[in-house]
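Trainee: Letter by letter, the sequence shown follows residues 1078 to 1394 in the working numbering.
Any given hint could be a false lead.
Simulated restraints on C-beta separations [to be verified]:
#1 Phe1150 - Ser1340: 53 to 59 Å
#2 Thr1202 - His1337: 41 to 47 Å
#3 Val1225 - Gly1279: 36 to 42 Å
#4 Glu1269 - Asp1182: 30 to 36 Å
#5 Pro1306 - Asn1260: 26 to 32 Å
#6 Trp1204 - Ile1292: 28 to 34 Å
#7 Trp1180 - Pro1299: 39 to 45 Å
#8 Asp1309 - Tyr1221: 31 to 37 Å
#9 Leu1220 - Ile1292: 16 to 22 Å
In silico DSS-like pairs for lysine-lysine, Cα to Cα no more than 25 Å straight-line [unchecked claim]:
#10 Lys1298 - Lys1281
#11 Lys1290 - Lys1242
#12 Lys1183 - Lys1246
#13 Lys1265 - Lys1246
#14 Lys1298 - Lys1251
#15 Lys1265 - Lys1242
#16 Lys1281 - Lys1246
#17 Lys1246 - Lys1298
#18 Lys1251 - Lys1265
#19 Lys1290 - Lys1265
Everything labelled a hint here was simulated from the structure, so no lab data went into it. Cβ atoms here follow ideal geometry from the backbone N, Cα and C, with glycine treated the same way.
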Amino acid sequence: MTEISHPAARITPPEDSIAGQLMVIDADETTANNVVGLICAASNIIEGIPMRETTLRRAFELPENPTEQLGVFRDVFRSRGFFEQFSHSFDFPLAVALAATAWPDKAFVYAIHKLSRSLETESITWWSTHPRYGQIFDKHSELYSSHVSTSIAINLAFSAIEELKLQVKSSATKARFLAGDWNPAVLKDVQERLQNEGIDVGQKMNWIVRGDKSILEESIKPTLGAPAPYSDGQVVRDVELSIPEALHFSSFIRNFMTAHGFSEVSAFLVSVPKHVESNESVVIQGERPDSMGTRRQCGLPRTVHATTAAACAIRAT
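Between the sequences and the hints, there should be enough to build the whole structure, so can you do that?
Mentor: Here it is as structure tokens:
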């Protein structure tokens, strides 16, 4: 790692601060670009805020000649127009570590990229889920393009879960629910796969539901979970779900609302970036918003949190 700085910086950094660093990758151009792309995608899902404005996401060659290297530093890193495109994040080392962990596992790599692209397509700021804001988003849209964007985000996020083989597995001959309750065999199967990935199947998560009931919300069967402790039963109607329950909600929305032909509920697939939606939660060895809109460690090794599959879903509920 090589320290870099901008000579035109207007402030003097604190004595204990860490200077910006340049990552040097000893690899061919394609491999280097794959590494850079994976780190950027990992940063997206850890932060929960996609780097839409960051355009410098590709590797570039550093010559071996020291004099030529200095020219690159002078012309690229220390010049306006380039330096400003570099990203700064306290969580960036975590993104590098996540990318390094995922690198040997192509399915894991694809899961990170899919979730990242889902966030870029449709996402909110994690603090927007705080109950104090109530319903701050539209639940209905007449814009067809909005319905399509939301469905793309949902499908990509659910596909990330499929890459990790954490979806609920059921079929016509092996029903997911029996008389409204989990089929014990189906539930045991998904719980075992979650546990194998180090996930506590007993933990609860909050499914964000705001405002009046929509026809889309009423179509999700069966009714699962319990009201979150802070829900008021009217505007803030968030539901506390287990991980398997959230996975079921996610797959239901994907299978019956977004993956195939659209229907009357499509108008409730609303494009509302930065507003409340079903926790398109972060994820892999990172942080996510808790029920009160603050951040806490997620601690889920090699897995996407269950609600990632429902990217942007609650705009539908």
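Trainee: For this structure, which hints from the list above don't hold up?
Mentor: 2, 4, 11 and 19
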